[in-house]
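> If you follow the hints, you should be able to join the two separate chains into one complex; please do so.
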Amino acid sequence: MDNMIVSVSPHIRSNDTTTTIMRDVLLALCPALIASVVIFGARALLVAVVCVAACVFFEWGFEKMCKRPNTITDLSAAVTGLILALNLPVGIPIWQAIFGSLVAIVVVKQLFGGIGHNFANPAITARIVMLIAFAGPMTTWAAPNFADAVSGATPLAQLGAGESVSLASLFLGNVGGSMGETSALALLLGGIYLIVRKVISWHTPVAFIGTVFVLALIKGGLTFGVAEIFAGGLFLGAIFMATDYSTTPSTKSGQLIFGIGCGLITCLIRFFGNYPEGVSFSILLMNILTPYISKWTASKPLGGVDA
Amino acid sequence: MSIKLLHGAHVPHRKNTADLAPKRMPAPAVVTVPMSMNIGAPAKPVVKPGDEVKVGQLIAEAGGFVSSPVYSGVSGKVKKIDEILLFHGGTCQAIVIESDGEQTPYEGIAAPTVTDLDSFIEAVRNSGVVGLGGAGFPTAVKLKVEPAKVDYICVNGAECEPYITADTRTMLDDSELLVDGIKLLQKYLQPGKVYIGIEDNKPNCISKLRDMTKDLKDVEVAALPALYPQGGEKVMIHNTTGRIVPEGGLPIDVGCVVINTSTLVTIARYVKTGMPLVEKYVTVDGSAIANPQNVIVPIGTSVKDVVDFCGGFRSEPKKIILGGPMMGVSVPNTDAPVVKNTGAILALDAKDAAPPVTTACIKCGRCVSHCPLNLMPAAIETAYQLKKPEVLKELKVNLCMECGCCSFVCPAKRPLVQVNKLAKGELNKYNAKLKAEAEKKAAKEAAKQEAAKQEAAKKEATV
Chain A
1 MDNMIVSVSP HIRSNDTTTT IMRDVLLALC PALIASVVIF GARALLVAVV CVAACVFFEW
61 GFEKMCKRPN TITDLSAAVT GLILALNLPV GIPIWQAIFG SLVAIVVVKQ LFGGIGHNFA
121 NPAITARIVM LIAFAGPMTT WAAPNFADAV SGATPLAQLG AGESVSLASL FLGNVGGSMG
181 ETSALALLLG GIYLIVRKVI SWHTPVAFIG TVFVLALIKG GLTFGVAEIF AGGLFLGAIF
241 MATDYSTTPS TKSGQLIFGI GCGLITCLIR FFGNYPEGVS FSILLMNILT PYISKWTASK
301 PLGGVDA
Chain B
1 MSIKLLHGAH VPHRKNTADL APKRMPAPAV VTVPMSMNIG APAKPVVKPG DEVKVGQLIA
61 EAGGFVSSPV YSGVSGKVKK IDEILLFHGG TCQAIVIESD GEQTPYEGIA APTVTDLDSF
121 IEAVRNSGVV GLGGAGFPTA VKLKVEPAKV DYICVNGAEC EPYITADTRT MLDDSELLVD
181 GIKLLQKYLQ PGKVYIGIED NKPNCISKLR DMTKDLKDVE VAALPALYPQ GGEKVMIHNT
241 TGRIVPEGGL PIDVGCVVIN TSTLVTIARY VKTGMPLVEK YVTVDGSAIA NPQNVIVPIG
301 TSVKDVVDFC GGFRSEPKKI ILGGPMMGVS VPNTDAPVVK NTGAILALDA KDAAPPVTTA
361 CIKCGRCVSH CPLNLMPAAI ETAYQLKKPE VLKELKVNLC MECGCCSFVC PAKRPLVQVN
421 KLAKGELNKY NAKLKAEAEK KAAKEAAKQE AAKQEAAKKE ATV
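So the protein lines, in turn, are chains A and B.
Note that the numbering used here has the first sequence beginning at 1, numbered continuously upward.
Note that the numbering used here has the second sequence beginning at 1, numbered continuously upward.
With the rest of the complex left out, here is chain B (with noise of 0.2 Å):
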């Protein structure tokens, strides 16, 4: 391979579960399920308080289009549907489901019939799954695409942020999903090639499906180098196929697809055995927790009592991330639910919670060479603070995938991700009022031309 890669952090690998084969934890008394697990529309619910619900039956259908329908992961009753708070502050429905302990599957199981590319979407659409990478964006509105178009598609096992292996594990214990998930997508969508990302932070991974993909046609297994963050999709489409997703742009716009390998997994086991996306390896991990380790999670359980399976806390926690810690998001309490796209529980003892302190940025230039994205966060940090929405335009703080590769190695610490977030809502004002200005000025000139068209009739007339 003669690319490039892009830039990148060294960050700490703190893999401690990769060799945990993830356990089964018992259903939990209850679950809030919350209708918001994806990006796009929330699902709306198709049960109402007493129903009798099964492991695997619809609780919810997909709102929209960008949605993706809801299956309950315990047998039980539903309690109420409920108003919860989501993490960014909003709010969202929540189906609470008291569990009956016995994980009676759903009668109503049954392999899909796929036979061509729509009948596959519509499968990948009825599994209910969603980008279990960490975006949780609906994979068959991301799949339907013309097969004609797919030169490359990447099955993302980079797994680079730290501490998790839920899908180390899952390209180990469930290779043979993953594999059947490939003969999918090369069945339907025709790639010229299939790329399988891993980090070479795991080397049986990537011997492993090495060898089970060695009789499969124009799939290859590319190490990566173990340089975060390589399971970006922008990254992990340049560092394996040398392609450069435009701005504004899909990566179907230069002929790829990137697909986690948790999401494939979820997909193929679907399509061969009816069972939607009801549970989730989830790694649990970080100083405070007692017994690190992978678990199979039914979805909506409570990061508490995940971790008192885990065997509680060794210290008290002062702060709990729902995935990993360079683009996870901290919750306020242990009640959070498990969600689609949760990939680990972290929770942090006092030393690793305690906020950095800020110090004047001395130009170090680390966050522009550490930037896989060749962004500039320390100008734009400055053209936030002076309020020059303009410049933010210029310096594409719109690109910003938020990796945290600038926060992270800056050594005045400065909180750059944050910045660029909330520089991202300063140039969308700046542009929405950009676009009034444009459009009131064309309203203005349309509206002055009509007058003197109107004005040369009458001359006309009065000739």
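If we strip away everything but chain A, and leave its shape as in the complex, we get (with noise of 0.2 Å):
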């Protein structure tokens, strides 16, 4: 029998695709996502459809107009959206939305060549973006469902005031803030879906919260500690956003360290910035970081030796 197929071993490959990362991402977001329906409303729901749908246009139509091939089907576009969203008061004009995935997909991701290219996050960079182009709706809260309050002011604008907040309302997520931040809890089973799958491993999580954790325990006591870690987009940034394959160090060691610089960008932000919030600036800022931590924490090979 002749005309087999030849090619170049291994015969076999793992069952994991770019696509399988992808939904599994986006399954363990599905937490934080149902978390913030319950917690402001139908309207977040609206937000994450705008910027998952817009993220799936914009890559799409760059593509097609690049006539490059099209990556949709991988899913990373839908994971920015959602990220993105999640990242985004309640109360974000739908124009603005649309904005901010372009944003993340055009200028972030496909200028600089597309998925694994990109040296910054693009749900990051976007939010980033919006949050000095759009500084009112982007600050400006939503009261949550099941709070007495008219508006949501931040756990962390209250900490910063000096005010004291319930742990259990933050660890829930029933405060203010953006969509998908506020509850650790949601945000925590998702992170332990994805380590347990194998998507990430838990050096950046770790690192970057116990940085904020030791550094806040420091300043003002346990319960103070506890809340820096629960409030603000700590475990969002954290398990989501500072694991991105392609804007963070590949190597364990070199995730410890982005981590843990992540961690300490964020309470020097946080303790003495002008910002309640550092954790995305810490992200975008240890992005550009990336590749030289990776080039300090470059693997040795075994038995290798200096020529």
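It should be emphasised that the hints constitute simulated quantities derived from the structure, not laboratory data.
Among the clues, some could well be false.
Calculated lysine-lysine pairs in the DSSO-like style (CA-CA distance at most 30 Å, straight line) [to be verified]:
| no. | chain 1 | residue 1 | chain 2 | residue 2 |
| --- | --- | --- | --- | --- |
| 1 | B | LYS393 | A | LYS252 |
| 2 | A | LYS252 | B | LYS388 |
| 3 | B | LYS388 | B | LYS413 |
| 4 | B | LYS413 | B | LYS429 |
| 5 | B | LYS272 | B | LYS217 |
| 6 | A | LYS300 | B | LYS217 |
| 7 | A | LYS198 | B | LYS421 |
| 8 | B | LYS351 | B | LYS388 |
| 9 | B | LYS77 | B | LYS388 |
| 10 | A | LYS295 | B | LYS387 |
| 11 | A | LYS295 | B | LYS424 |
Selected chain A positions facing chain B (Cβ under 7 Å, derived; list incomplete) [unchecked claim]:
| no. | residue |
| --- | --- |
| 12 | ASP2 |
| 13 | MET4 |
| 14 | VAL8 |
| 15 | HIS11 |
| 16 | LEU188 |
| 17 | SER246 |
What you are looking at is a predicted structure, and each value in this text was computed from that prediction instead of being measured.
Cβ atoms here follow ideal geometry from the backbone N, Cα and C, with glycine treated the same way.
Encoded structure:
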């Protein structure tokens, strides 16, 4: 019998593909999405659908325009859309959400070559652009459904003003903030799923959250320390954005350095900066350092002899 | 053991044939025995067309120091000596023998006299054995070491490739010969300790060999985790002894000798009976095979004859692999012969043979975190594409053993092993260029010095 397929070994491959990895991330984000709908109402779902649809559309459109292969089926654009949505306040005007999606996909991702080539996290960068461009809507926090308050001052603002915050509310997410960042519980569930599925390793989230906890503990004691890690976008950032493959180091030691760096910058901004929150800035700044961290922490070949 | 194990990949096991004792197939009508079945020089035929041969008769002698003799696996008549195409594109001579179906053993078969290290190495050389785990390196060359240097001998029964159970069956069915082989190694190489490394997905092999070696001094059966590639030479050495073979070095440089179980059994059988390597345990499996099983195959038998013996194909095969799915070679047709280091014949159906769809690298780092040797395949791929041989040198692509972990785990299905192979070629060219340049420079320098000397001599003469 002739004409067999001839190829270089290996002749079997694992079942994991880019699509299955992105599908796992989408699944892991579901608890946070559900929590956002429960806490902030149906408009949260609308914002999420708009961002995902816009991101996928921009990816498809830009690739079509540039005659690049279509990559929307790898689901990475959908992941960017969902993460971006969860980073926005529920009352964000729809056109602004679409603009953010454009920045994320076209400017940050596709202009640098598409999946795997961008140096900065698309969702984070888009959020920062929006925070500066639309400062008002981006910091107008709706009150959570189960609170008595009319407007939802964010817990970080309250902590900054020296007010006390209920740790249980913080953990469950019944506080003001971006759609998907408030429920530490929901984000933690997603994070555990990703670690169990080996999509991410524990190194970055643990180093990031651990650093913030230790620094806050030193600054204001145990309750303050716990409140600082549950508040703001720390869990969302540490679990879902500081673990993005192409914009963070891939070695374990590099991930520890990346996480610790993110934690340090976050605390510097939270404790001494003008912004109440610093997670996004910290990740973006560490994204820029990633090539250097990767270089410093490159793995050493076994038995390698220096020439 | 406190050794931090090397990285690896969780490949599927698919040891479907582990419980099936090998069945001896009847001699095929024709065998085609290639002269190039080992790393090193091909063997030189000592028979000519028309000669009668019997099972175990020498048909080709070693073609150099790094070479190995070849014996007939069938009785019959030499039909012709042909030129055949090898898998990698080269050609070599092959002896085609028409079998008479009798399988008459050669009357000159007699156990060799083994009294010391030299006669032992001579016996190993005459047994025709090469690294049967897949490498095909002449074993006699490997064992030609100073006994004083040997701290450890690792008997490699890892059999980490999916599907293959030929070594499993060797360990179970030929365990007495295996123990004989270990005793021979202990007697002549005098190692401090012998490890028998077996992946823990073969508990019956582990318990059987533990039981059989319990009275032997300094022999330990090491149950290794079933994490591919435990059977890689450097991996086996590291995960049993904790030692690391340095770049460009051999196992003996760190006091180790690694030998595959089937190789050792072949040696022990030759020393005991004088029967050289003439047949192989071959695992026949894969989605297109009707009845997966282990078969005892005369060397030189075509894939087609072996598969026919196993009841043919279940569905139309699209890919034929000699060896395991991680490191085996895919061949274009079923005429390919079983050679000395063929441990398996796998036939994959259209679904299993379909080439994967390659997408962009997403920098997930899985290729790095699964590489047993801590290489960075994605970085190597980039350096290769950018044509930067100096970076390839820094990344030590030359260390790559092509185990396939990186390609296996890559979610973007990038052909990383293929690129590593190509990158090694580029690096070799670059190193050769550097060497030539250095030599040229040295020659120039020497000429300059010579000229200066003559100038000085001239000056002196005129003064």
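> It remains to establish, for every hint, whether it holds in the given structure.
Against the structure, the hints:
1. LYS393/B with LYS252/A: 24 Å, holds
2. LYS252/A with LYS388/B: The hint holds at about 26 Å.
3. LYS388/B with LYS413/B: Holds - the C-alpha atoms of LYS413/B and LYS388/B are around 23 Å apart, at most 30 Å.
4. LYS413/B with LYS429/B: 28 Å, holds
5. LYS272/B with LYS217/B: 22 Å, holds
6. LYS300/A with LYS217/B: 37 Å, violated
7. LYS198/A with LYS421/B: 29 Å, holds
8. LYS351/B with LYS388/B: Violated - the C-alpha atoms of LYS388/B and LYS351/B are around 37 Å apart, more than 30 Å.
9. LYS77/B with LYS388/B: At roughly 54 Å apart (the allowed maximum being 30 Å), LYS388/B and LYS77/B break the hint.
10. LYS295/A with LYS387/B: Answer holds: LYS295/A to LYS387/B is near 20 Å, not above 30 Å.
11. LYS295/A with LYS424/B: 22 Å, holds
12. ASP2: 5 Å, holds
13. MET4: Nearest chain B Cβ about 5 Å off; hint holds.
14. VAL8: 4 Å, holds
15. HIS11: Cβ of HIS11/A sits 4 Å from chain B, so the hint holds.
16. LEU188: 22 Å, violated
17. SER246: 4 Å, holds
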